[in-house]
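Each chain is listed here by its residues.
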Amino acid sequence: DAKTTQPTSMDCAEGRAANLPCNHSTISGNEYVYWYRQIHSQGPQYIIHGLKNNETNEMASLIITEDRKSSTLILPHATLRDTAVYYCIVRVGQTGANNLFFGTGTRLTVIP
Amino acid sequence: NAGVTQTPKFQVLKTGQSMTLQCAQDMNHEYMSWYRQDPGMGLRLIHYSVGAGITDQGEVPNGYNVSRSTTEDFPLRLLSAAPSQTSVYFCASFGGGSYEQYFGPGTRLTVT
Chain A
1 DAKTTQPTSM
11 DCAEGRAANL
21 PCNHSTISGN
31 EYVYWYRQIH
41 SQGPQYIIHG
51 LKNNETNEMA
61 SLIITEDRKS
71 STLILPHATL
81 RDTAVYYCIV
91 RVGQTGANNL
101 FFGTGTRLTV
111 IP
Chain B
1001 NAGVTQTPKF
1011 QVLKTGQSMT
1021 LQCAQDMNHE
1031 YMSWYRQDPG
1041 MGLRLIHYSV
1051 GAGITDQGEV
1061 PNGYNVSRST
1071 TEDFPLRLLS
1081 AAPSQTSVYF
1091 CASFGGGSYE
1101 QYFGPGTRLT
1111 VT
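First to last, the protein sequences are chains A and B. Position one of the first sequence corresponds to residue 1 (my numbering), numbered consecutively onward. Position one of the second sequence corresponds to residue 1001 (my numbering), numbered consecutively onward.
The set of hints was computed from the structure by calculation and includes no laboratory data. Here a beta-carbon is modelled for each residue, glycine too, at the ideal position from N, C-alpha and C. You may find that some hints are simply not true.
What the hints assert, rightly or not - Pair ranges (Cβ atoms, derived):
{"hint": "1", "chain 1": "A", "residue 1": "His-40", "chain 2": "B", "residue 2": "Gly-1096", "range": "26 to 32 Å"}
{"hint": "2", "chain 1": "B", "residue 1": "Pro-1061", "chain 2": "A", "residue 2": "Ile-111", "range": "37 to 43 Å"}
{"hint": "3", "chain 1": "B", "residue 1": "Asn-1062", "chain 2": "A", "residue 2": "Lys-69", "range": "45 to 51 Å"}
{"hint": "4", "chain 1": "B", "residue 1": "Asn-1062", "chain 2": "A", "residue 2": "Ile-74", "range": "39 to 45 Å"}
To be verified - Coverage of chain B stretches by chain A, computed from C-beta distances (three or more under 8 Å per stretch; other residues unrestricted):
{"hint": "5", "region": "1039 to 1047"}
{"hint": "6", "region": "1090 to 1102"}
For reference, chain A alone in the conformation it holds in the complex (with noise of 0.2 Å):
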């Protein structure tokens, strides 16, 4: 599976867009790009996933290059309860990713 680069923190002030860039500059055409969150100690949460088109669900919208190299997960308008770590993972297949890859994400921390 391709690796992922994602800054290590990021800040973002409440009620502004919050963009988290992720790095795959290895993707294969067959891997798509997921995003999921963990806030505090909980499990992580799915958010959302793509494979070239940008995408948007209720939570979040994915914006991926045209090459596939890079994404950004976009939250429109980012609440405190956002705060939280941003993994950025790419995986073979849409049908779910039995052996997901973690690495160490984006700490974003939204301010009053």
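Chain A is already provided as a structure; the job is to place chain B on it using the hints.
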């Protein structure tokens, strides 16, 4: 649905003791996994199962055993606890063609 449940929430063991961490899911998922998370790090896969009676090793399997006699349950056994196994343990499941992996709340284990 209760989702993925784990017991106990907290456990303290002495070196050399054995114990079983319990994991159950009520979503009829065929895939289940165990991860460990050490302080400041991402999750690492210990063992996983693709269905009842089928298990396989992940990234860090040494010192752990698993079995999958039913679809619902996937216990993790520590054979002889060591301080290096002090960690937070997460169980996860997915299935039914879903792309989302569901995580339990975790078990915080300390080995002294």
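Right, here's what the structure says about each hint:
Between His-40/A and Gly-1096/B the CB atoms are about 29 Å apart, so this pair conforms to the stated range of 26 to 32 Å. A C-beta distance of roughly 41 Å is found between Pro-1061/B and Ile-111/A, which places it inside the suggested range of 37 to 43 Å. Separation of Asn-1062/B from Lys-69/A is about 35 Å and departs from the stated range, judged on CB atoms against 45 to 51 Å. For the pair Asn-1062/B and Ile-74/A, the supplied restraint of 39 to 45 Å holds, since their beta-carbon distance comes to about 40 Å.
A stretch counts as covered by a chain when three or more of its residues have a beta carbon under 8 Å from one of that chain; for the region 1039 to 1047 of chain B and chain A the count is 6, and the coverage holds. Counting residues of the region 1090 to 1102 of chain B whose CB lies closer than 8 Å to any CB of chain A gives 10, so the stated coverage by that chain holds, three being the minimum.
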